[in-house]
Amino acid sequence: DTEVTQTPKHLVMGMTNKKSLKCEQHMGHRAMYWYKQKAKKPPELMFVYSYEKLSINESVPSRFSPECPNSSLLNLHLHALQPEDSALYLCASSPRDSREAFFGQGTRLTVV
Amino acid sequence: GEDVEQSLFLSVREGDSSVINCTYTDSSSTYLYWYKQEPGAGLQLLTYIFSNMDMKQDQRLTVLLNKKDKHLSLRIADTQTGDSAIYFCAESPTGANNLFFGTGTRLTVIP
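Note that the protein sequences, when read in sequence, are chains A and B.
The opening position of the first sequence corresponds to residue 1 in the numbering used here, with each subsequent residue numbered one higher.
The opening position of the second sequence corresponds to residue 1 in the numbering used here, with each subsequent residue numbered one higher.
Hints are computed from structural coordinates only; laboratory data are not their basis.
For glycine and all other residues, C-beta sits at the position ideal for the given N, C-alpha and C.
A few of these clues could be false.
What the hints assert, rightly or not - Simulated pairs of lysine to aspartate or glutamate, EDC-like, Cα-Cα distance not exceeding 20 Å:
#	chain 1	residue 1	chain 2	residue 2
1	A	K18	A	E84
2	A	K9	B	E38
3	B	K36	A	E100
4	A	K9	A	E24
5	A	K38	B	D3
6	A	K38	B	E5
Said to hold, decoys possible - Simulated restraints on C-beta separations:
#	chain 1	residue 1	chain 2	residue 2	range
7	B	G15	A	P83	40 to 46 Å
8	B	N52	A	E58	25 to 31 Å
9	A	S20	B	E14	39 to 45 Å
10	B	G15	A	R108	32 to 38 Å
11	A	R99	B	G82	23 to 29 Å
12	A	S71	B	S51	27 to 33 Å
13	B	G15	A	R96	36 to 42 Å
Go ahead and model the full structure; you've got the sequences and the hints to work with.
As structure tokens, this is what we get:
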């Protein structure tokens, strides 16, 4: 199993809503990542979890809150987002560091 | 972040070879990667090369690394319409728990 599974595939939310994005992998990878990708741009790192501990937070606003409940799961909790937060949110995992990172299919988020 | 540069567009005819180029800045990068992204989809890891290698071949894909010039290329032999996508190179500097992506090259394969 070399899959990283993200749910939902699409999400539309209002600026006052609270929602969560989910990511799951069963490859035994100990590093998991959240990336944000705007249209026609490369992915940009948001957060890194290494061995279930947050190791990197790339100055992401607090309206994005990551959580790593166990070594297979990664969540991204969303609250009071802005329209400019609309983007493709990608989850990735890797055995260690950032080598051979495998990406999920992403969640297309639209904030209205 | 790091500066990883790619040309934005490339068009080739079906059956021809495609060469996608990338320049990077961090000479300490241990691994360099090529990812493929189809419209509306996530990133698919195509191949990667360790920085002490000059070349890596994997079926239709050939990666060339010129470490002196910090230049990476991806050659796709016998390009097919299914190869149409955006291709990102990425570097992983030593000690950095991150991937720095290039700007992406949109490959269009003309039937």
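Results for each hint:
no.: 1; hint: K18/A <-> E84/A; verdict: holds (16 Å)
no.: 2; hint: K9/A <-> E38/B; verdict: holds (15 Å)
no.: 3; hint: K36/B <-> E100/A; verdict: holds (14 Å)
no.: 4; hint: K9/A <-> E24/A; verdict: holds (13 Å)
no.: 5; hint: K38/A <-> D3/B; verdict: holds (18 Å)
no.: 6; hint: K38/A <-> E5/B; verdict: holds (18 Å)
no.: 7; hint: G15/B <-> P83/A: 40 to 46 Å; verdict: holds (44 Å)
no.: 8; hint: N52/B <-> E58/A: 25 to 31 Å; verdict: holds (29 Å)
no.: 9; hint: S20/A <-> E14/B: 39 to 45 Å; verdict: holds (43 Å)
no.: 10; hint: G15/B <-> R108/A: 32 to 38 Å; verdict: holds (34 Å)
no.: 11; hint: R99/A <-> G82/B: 23 to 29 Å; verdict: holds (27 Å)
no.: 12; hint: S71/A <-> S51/B: 27 to 33 Å; verdict: holds (29 Å)
no.: 13; hint: G15/B <-> R96/A: 36 to 42 Å; verdict: holds (40 Å)
Comparing the model with each numbered hint stated earlier shows that all of them hold.
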